[in-house]
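S.K.: Read top to bottom, the protein sequences are chains A and B. Those letters in the first sequence? Residues 1 to 200, by the numbering used here. Those letters in the second sequence? Residues 201 to 891, by the numbering used here.
Honestly, the hints are just simulated from the structure, not real lab data. Bear in mind that the values here come from a model prediction, so they are computed numbers and not experimental data.
In silico PhoX-like pairs for lysine-lysine, Cα to Cα no more than 20 Å straight-line:
id	chain 1	residue 1	chain 2	residue 2
1	B	465	B	614
2	A	140	B	614
3	A	140	B	535
Negatives, chain A to chain B, calculated, CB over 12 Å:
id	residue
4	94
5	165
6	170
7	173
Every residue, glycine too, gets a C-beta built ideally from N, C-alpha and C.
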Amino acid sequence: MASRFSFVMIGPRVLPSNVGASAIAVLLFVLFFVTTGCIREEDVTLEQRAHQLAGELMCPVCDGQTIDGSNAQIAQDMRLKVRDLLDGGSTNAEVKDYFVIRYGQEILAAPSRSGFNLLAWIMPVIIVLGGIGIALITIKNMRKAGQQAQSLNDQRQFLQNDLADYLAQVDRDLVISSKLNPNDGVDQTTGTGESEAVKS
Amino acid sequence: MADLGVMALLLGLALSAYSAIGAIVGEKLQMAELVVSARRALYMTTLAVMIAAGALINAFVQNDFSIAYVVNHSNTHMDRAFVWVAFYAGNEGSLLYILLTLSIISAIAVWFAPKRLARSMPWTIAILAIVQLFYFGVLAFVASPFELLDTIPVDGRGINPLLTHPGMFSHPPLLMGGLIAITIPFAFVSGALIAGNYGDDWVDVARVSAIIGWGVLGTGMLLGAWWAYTILGWGGYWAWDPIENVALMPWLVMTAFIHSIMVQKRRGMFRMWNVALLSIGFVLAQLGMFINRGGPVVSVHSFAASTLGIIFLSFMLASLVFAFALFLWRMPQLKSDRAMESFMSREASFLINNFLFLAVMAVTLWGVLFPVLSDFARDVSVSVSAPYFDRTNGPVLLGIVVMMGIGPLLPWRKASARSLKQWLIWPGVVGVVTIVTLLIMGIQRPVAIFSFGIVAFVAASIAEEWWRGTTARHRSGDNWALAWWRLVNGNRPRHGGYIVHISILMLGLGIIGTNFYQQRTDGALALGESLVLDNYRIEYIDTGDSSRPDRIAQWAEMSVYQIDPDDYSEEIDLALDQGASGFTLKDSSLRPNDKLIDHIRPWHGFYVDFNMASVRSGIRTTLVEDLYVIPRDFLADGRVSVAVSINPLAWWLWASGPFFIIGTMVALWPQAAVERRPTRKTVRAVSEGKN
Chain A
1 MASRFSFVMI GPRVLPSNVG ASAIAVLLFV LFFVTTGCIR EEDVTLEQRA HQLAGELMCP
61 VCDGQTIDGS NAQIAQDMRL KVRDLLDGGS TNAEVKDYFV IRYGQEILAA PSRSGFNLLA
121 WIMPVIIVLG GIGIALITIK NMRKAGQQAQ SLNDQRQFLQ NDLADYLAQV DRDLVISSKL
181 NPNDGVDQTT GTGESEAVKS
Chain B
201 MADLGVMALL LGLALSAYSA IGAIVGEKLQ MAELVVSARR ALYMTTLAVM IAAGALINAF
261 VQNDFSIAYV VNHSNTHMDR AFVWVAFYAG NEGSLLYILL TLSIISAIAV WFAPKRLARS
321 MPWTIAILAI VQLFYFGVLA FVASPFELLD TIPVDGRGIN PLLTHPGMFS HPPLLMGGLI
381 AITIPFAFVS GALIAGNYGD DWVDVARVSA IIGWGVLGTG MLLGAWWAYT ILGWGGYWAW
441 DPIENVALMP WLVMTAFIHS IMVQKRRGMF RMWNVALLSI GFVLAQLGMF INRGGPVVSV
501 HSFAASTLGI IFLSFMLASL VFAFALFLWR MPQLKSDRAM ESFMSREASF LINNFLFLAV
561 MAVTLWGVLF PVLSDFARDV SVSVSAPYFD RTNGPVLLGI VVMMGIGPLL PWRKASARSL
621 KQWLIWPGVV GVVTIVTLLI MGIQRPVAIF SFGIVAFVAA SIAEEWWRGT TARHRSGDNW
681 ALAWWRLVNG NRPRHGGYIV HISILMLGLG IIGTNFYQQR TDGALALGES LVLDNYRIEY
741 IDTGDSSRPD RIAQWAEMSV YQIDPDDYSE EIDLALDQGA SGFTLKDSSL RPNDKLIDHI
801 RPWHGFYVDF NMASVRSGIR TTLVEDLYVI PRDFLADGRV SVAVSINPLA WWLWASGPFF
861 IIGTMVALWP QAAVERRPTR KTVRAVSEGK N
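With the rest of the complex left out, here is chain A (with noise of 0.2 Å):
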């Protein structure tokens, strides 16, 4: 009961604020998409994309090191290659092709998006989203449990409240009726008074 009445309260108070909110919010959401929806290929040099390549091929004598990042003379060699097939037409993924035919798949830096290594892949949306999830919902259970104790709080303060109202309420009606002094202990502070009723 109470906390349908002060949902009518505070209810107008938050809607514009709401609508504010919301509105930067959908309008970030747009800025992000038209921001990211526009990618388009720029026109990169070979050599930027010679380097990019580079970055995503890993060094075969190297620990852990890509060739864009080695000086071993393997990995020279083989920039020096994916520059040649850059200059002979080939696409990113013909030039990847053609080291992971000659090195296995352990050539790539970042796995395949495919059979098995589709799984590295997946994972981490799962961990993100899950993470997330469990977050909102144990958010979510606290604040439930939370709240039954607030109402729960609520009704002894409701109890209080207008049990002592109506108490008073009886007691100014007895003072009318009978003219005696309205203290029944019902208000603490007043103690005095009801001396003074018990004197009189």
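Model the placement of chain B on the given structure of chain A, informed by the hints.
M.R.: Below, chain B without anything else, positioned relative to chain A:
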């Protein structure tokens, strides 16, 4: 010397065993004297490790080549300064260093532990002693740095050339120290739980010790990135390789912890969660030790190949089981005092931030383990390196930065929609204006632009908070600087946090700039020739030799000119036709608008014994971009082969360091000093009203 070291290690082994047993037995049988003596034994282990470390350092300084470890990590012509740090250049020595750090911080932590934790201290002491016992055991019996050689060689092999850099004095010690320091909060909390001390008595000491370890680890990683940038010669600073990842993972978990421990401190919530985070952090730190010390995780086989790997793996699994069992045992007693009131509260935003940090940690762990899994499940080797982590972790890290702008603006318990809107509107406007401005300016790469917008949004939210707080104090009479200082002083954990957030934003700028806007070109230059990239012309003007018996080394002196592309339009067009980003010039004569702006001196050394090259890149730094010249090789025909890049905003990566350290220290500074002054109480009350 070797005998002294071995004896000190054995003494330490006995002392730590005595300390562990004494603390537990003393507590169980209620023999106070035994617990006191266990505590003193723990102090004495520090002395034992110091003697061992001193013996090893002395062996290095004296060039005592009867010790295998000294032979393998030093020689007579290395820079003398590095002799002092060579003792942690290899496996055995760095284990000794880790133990030295652990014993010192354990002694400090136990000495300064608050009185109210007295009941749980025996358990804390026992846990610390057991961890030390493990390291003493490894050092004494498996990986002794005091192993003697039968025949004494004339000279040593020398230190790993990649380690001879000023960063060697700070990066490895901080990284290893930061990892092992996570033991301290873990020991305090586990001790409290075993003793049945469920209250929040441990909150402050766990928070402080966790932040110290976290700050040290973070600084260590940043220094490692800087070291990589200046010396490793691949033009980057973070490669997501397993060694880096195992340091990052516990750091992420501890980052989550130092946020959520505030919820427990202020609201009495998240107890279970905090215990879980500390446990995960401790186990991940053990994983870090295991992968660092047990050999690199290039393949699953290298684990099994080293005895040390198995020993560390066992210890890690033991700590995992211990932490998990303790958690399950005491979970029922770790209920929150209060409930969550709203999604729009700081508690809720901290919980979401926690899960995002854990998500990055879990994805990273998955990436580290996937090659092992692939090997195991289908016998196919795959690599999981930077491109994978950039794509998977990048978006989540961006999400964390967004939370960094929203979370601190939310009050505890519950935000009204109105106040939230008031707080978010200006940062939101700043973020949107930034994005629009960058779009209008014709800056390319939408993801980067969006990220810049988010950085601006978060920066504006911090600025707004400081602006409001400072103006309020300014109006009551303080001058601006004093007003800001008092604002920060009034709630150091909060405002120290903001300073750290600023450092993260600076780091973010650098990461976005270098990842999305780097330009590169390769070339080989003879003396007098130039290489042009964007607005720079680099002219190779001089060279010299700095070889030593253990290395072949050469440097190149280069002049850096700022050019006007119009002067070079012909060559630029030609280069673009060939698909090149830059080009070399035979003729380096000055053109009208060339302006000499700097000299750089890239250096290249080859260490024959190690079959390893080490380079110093030539770097010209400005606030906007770095010109970065890697000397790949000095060719036989006298030319130098270089890789030249322009790394936008790289300066911001390193400038973030001081902010990170200062922010951490502000957050750590004891609040008691303020509470003594009565005049501040009102200010604190006001500032805490919103907190």
